[in-house]
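Taking the hints into account, I'd like the entire structure generated from these sequences.
Each chain is listed here by its residues.
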Amino acid sequence: MLAELGHFALLLIVVTGFGQAVLFSPLWLRSSIRATLQGRPTVLAATGPNGITPEFNVTGPVSAPLPFDSQISRPGHYLVLPAGLLLMAIVAQAALLHAFIVSDFSLPIVANVSHSSTPLLFRIGAAFTPDGGAMILWLLAASLVNVVLAMQLFGAGQSTYGQDDDRTLFYNAMSVLGLLVGVLGLATLIDADPFLRVAVAPLDGRGMNPQSQDVLRVLREPFLYLGLAGLMVIYALTLSGLLGCKFDRRIAETLRFWVIASWVALGAAIAINAYRSYSQQAWGNWWYWDTAENSLLLPWLLTTALVHCRAVLEKTETLKGWTAFLGLSALAVGWFGVYLTRSDLFGPLNETLMKPNDSIALLVGFCAIFAGSYYLFWRRGDELGEPRPFELLSRESSMFINSVMLALIAAVVLIGTIYPLVLRWLDGENITVGGPFYVEVLVPIVVPLLFLMGFAPTLRWRQDEMWMIGRRMKLAAILSIIIVLFVSIRFIDLSPAPLIGIGLAGWILTASLSDLWARLWRQPDHGESKYRNLQLLGPRYLSMTLAHIGLAVMLAGGAASSVWEEQVVVSARAGQSIQAGPYNLQYEGVALLAGENYATRQATFILYRHALPVTELFPEIRYYPIRGVETREAGIWHGRDGDLHVSIGDRGDDGGRVVSVRFLPMMPWVWAGMILMLTGGTISILTRIFLRFQKNGVSAS
Amino acid sequence: MSLSRAKARKRQRMYIIGAALLAVAGAAALILTAFEDSVVFFFSPTEIIEKSPIDPDQRLRIGGLVVEGSVQKLQDGKTIAFAVTDMAQTVPISYSGILPDLFREGQGVVAEGHMSSDGTFVASEVLAKHDENYMPPEVAESLKKSGYWEEIEAKNAEQMRN
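In the order they appear, the protein sequences are chains A and B.
Quick note on numbering: the first sequence equals residues 1 to 701 in the UniProt record's numbering.
Quick note on numbering: the second sequence equals residues 1 to 162 in the UniProt record's numbering.
Hints were generated in silico from the structure; no laboratory data involved.
Each hint should be verified, as a subset may be incorrect.
To be verified - Label pairs and their in silico Cβ distance ranges:
1. B:A19 <-> A:E565: 33 to 43 Å
2. A:L592 <-> B:T79: 24 to 34 Å
3. B:D118 <-> A:L592: 36 to 46 Å
4. A:A292 <-> B:A25: 26 to 36 Å
5. A:A611 <-> B:R59: 54 to 64 Å
6. B:T79 <-> A:A599: 22 to 32 Å
7. B:D57 <-> A:V200: 56 to 66 Å
8. B:A19 <-> A:K474: 19 to 29 Å
9. A:A599 <-> B:G119: 38 to 48 Å
Said to hold, decoys possible - Footprint (simulated), chain B over chain A, 3 or more residues, beta carbon under 8 Å:
10. 401 to 412
11. 569 to 583
Cβ coordinates follow ideal geometry from the N, Cα and C atoms, glycine included.
Spelled out as structure tokens, the structure:
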């Protein structure tokens, strides 16, 4: 029964989503309908049905808010529809989770990806993996951000950039967001309705895909869909700014939380995905350039560009058109990425064409929404207002160049992802676009980008001078040259590519630190302590520096681990010791153990470093009888100077077991760098929330 | 004043458009050259035999079914030799390392590497990132080309039932 309730809730989500789109919309209809709904006699202002024209801004604020502004001051009115949506989404998600938890196999979605022997945590996790379940999760995330956005827009704290027509802008944004939720809900119902039942339930399910049975894999999904939901808010606010022909500070300020939150959520999904690939022996690397990873990377790249452009927009009100374009495109590539991974476009050609229902509604919705919004952007792009001039050598232009490069990288990744598809459709040739392609194309774009990243934060707004940049960057330049010289002398036969990587990492790191140093100690402190300078820097600057340092650390780790990686593959017998880097592994043999729903052959290795025991590692081969599939988990030790990655294979005819040991120097830097970047973003959000509440408290008292 | 502002704006717009065009053109050139030399083509065993000898420097992918009974470990204990077939032609492959999770005799596999001069395909990577009912799409297509698809499909269905 609960599944039917969930189905009903899903239907209601669609209705409520479109309802929100209509009721919050600036069309003339709103004022009359809402007035009727609220049962108050109102004077209808004469606003024609030409609602979405620029002139509306003149009449709109006068007509629309009049009937309710008195009521909106009463809290809660604006929250009715979003809260209803959230409630509905929670019901739908709970119904689906319930079906998975009690293993209700009369739902095909449960029977396909779950089994009665699957552990509880993974029965819950399995709910997010099939198409329908993922869509429900996306809807839940979208309704959640919908409520948060409503509270942010109509809640207490007034923006410093508030203007008369705020309400119109905000209603537009809520309306667009409602429309998106409605379209997504509809696509779920058409493509992959998770709540359909079959008359005869199978006795048991087909089991979860063993390669998804992993805590990290399960954790990735909520982050991914929260990130995408954040992009939906960015899209809604951008579109609402375009509709009102006003894309200014106020929007930029509202966007701030959402841009950084999406950036953090998508980044977390990428980091989790990378670590998951790394700890699965069969994959073994942390980045593969496959479709699923690229479709995570694309929106993240554009969000990164947006993080920078948004700051420019808020500070100087320039780059309006470009920022709006990025705001629309971030959701576009995110949505398209979901479509790419959902649909079987990369499967055999004739099968793809024969399955007509394959996420087709998701694609149609995508085309309709983005064709409309890009058309609007094209028409309105020029009318966004007069940009302020800035020189070629200024913070604005460096941010612009940086975001163009990020967008170019995204374009390259997109082309690399869909090119094999296009080629296969055109002339039936099978090709693979893998690592070498991306490295060859992206290195010439990324190198100048990273170089720019070193000094861009120190540039002045509007106008800067070459000699002043030189003076500021002197220290960093000298230090990074010393680093490069040291590395190239110490490792004399090093090829240039990793040297460039390490040099750039050193450049970014030293530049960030020296800028921080200059701001803390060189600034006059006006008689107060230097601590005052730290306070004046503010969370924005600190989180930016942290994220930049994180990227530098990750870059250095990635470059070093790829060059100095040592791999040993041996056929080992019990008691044999294997040397890799500074470590020595002693193979103790394999035990057959029982996992919750799998049997595992677990090898034991004792890890020694310079003859001192460090730890034990347990790489495994797991066998999942339900699907008859083996998976391999690597044993990983994150040491001071690098990761030790050990995995086992089959037993050979000679009685030995194939053991693959890799020593990846500086690999922990990659993970530390990712964590630093995410921490930077999180600090930025948290301080923001904290300050907002603090400010509210102050203004209330 | 207003004239100079308009001028500055015009100049700024020119800068921006110029930079964007330059960047796009550069990226396009890069992409085209990279497509030419770093895209990896996929061949079925039949195509490999037809095209041989193949330049050992060219990276390529080969896919087919692992011939039953062909998998053996060589003397050094870590190199594995097997053969893939599309039922029409067979190509021997050697690979050092751990075979992926889903590697089975009689099942589809895709290997990336290069042809050595003695006609053996030296794989640097055997690919396995897929789900359990995987027939790599390229392998399925090459089997269809060689006309054995139905037979293999029927056999797999038989095995699933057992």
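For each hint, the structure was consulted:
1. Checked against the hint of 33 to 43 Å, the pair A19 of chain B and E565 of chain A passes, with Cβ atoms roughly 38 Å apart.
2. A hinted range of 24 to 34 Å for the beta carbons of L592 of chain A and T79 of chain B is consistent with their spacing of about 27 Å.
3. Under the hint 36 to 46 Å, the C-beta atoms of D118 of chain B and L592 of chain A, about 40 Å apart, fit the expected range.
4. The hinted window of 26 to 36 Å between A292 of chain A and A25 of chain B holds, with their beta carbons roughly 31 Å apart.
5. The given range of 54 to 64 Å is broken by A611 of chain A and R59 of chain B, whose C-beta atoms sit roughly 42 Å from each other.
6. Checking the proposed 22 to 32 Å range against T79 of chain B and A599 of chain A shows it holds: the Cβ atoms sit about 28 Å from each other.
7. Between D57 of chain B and V200 of chain A the Cβ separation comes to about 58 Å, which falls inside the hinted range of 56 to 66 Å.
8. Our hint of 19 to 29 Å for A19 of chain B and K474 of chain A holds, since their Cβ atoms are close to 27 Å apart.
9. Between A599 of chain A and G119 of chain B the CB atoms are about 40 Å apart, so this pair conforms to the stated range of 38 to 48 Å.
10. Coverage of the region 401 to 412 of chain A by chain B holds in this model, with 6 residues showing a Cβ closer than 8 Å to a Cβ of that chain against a need of three.
11. Coverage of a stretch by a chain is defined here by at least three residues with a beta carbon nearer than 8 Å to that chain's beta carbons; for the region 569 to 583 of chain A and chain B the count is 3, and the condition holds.
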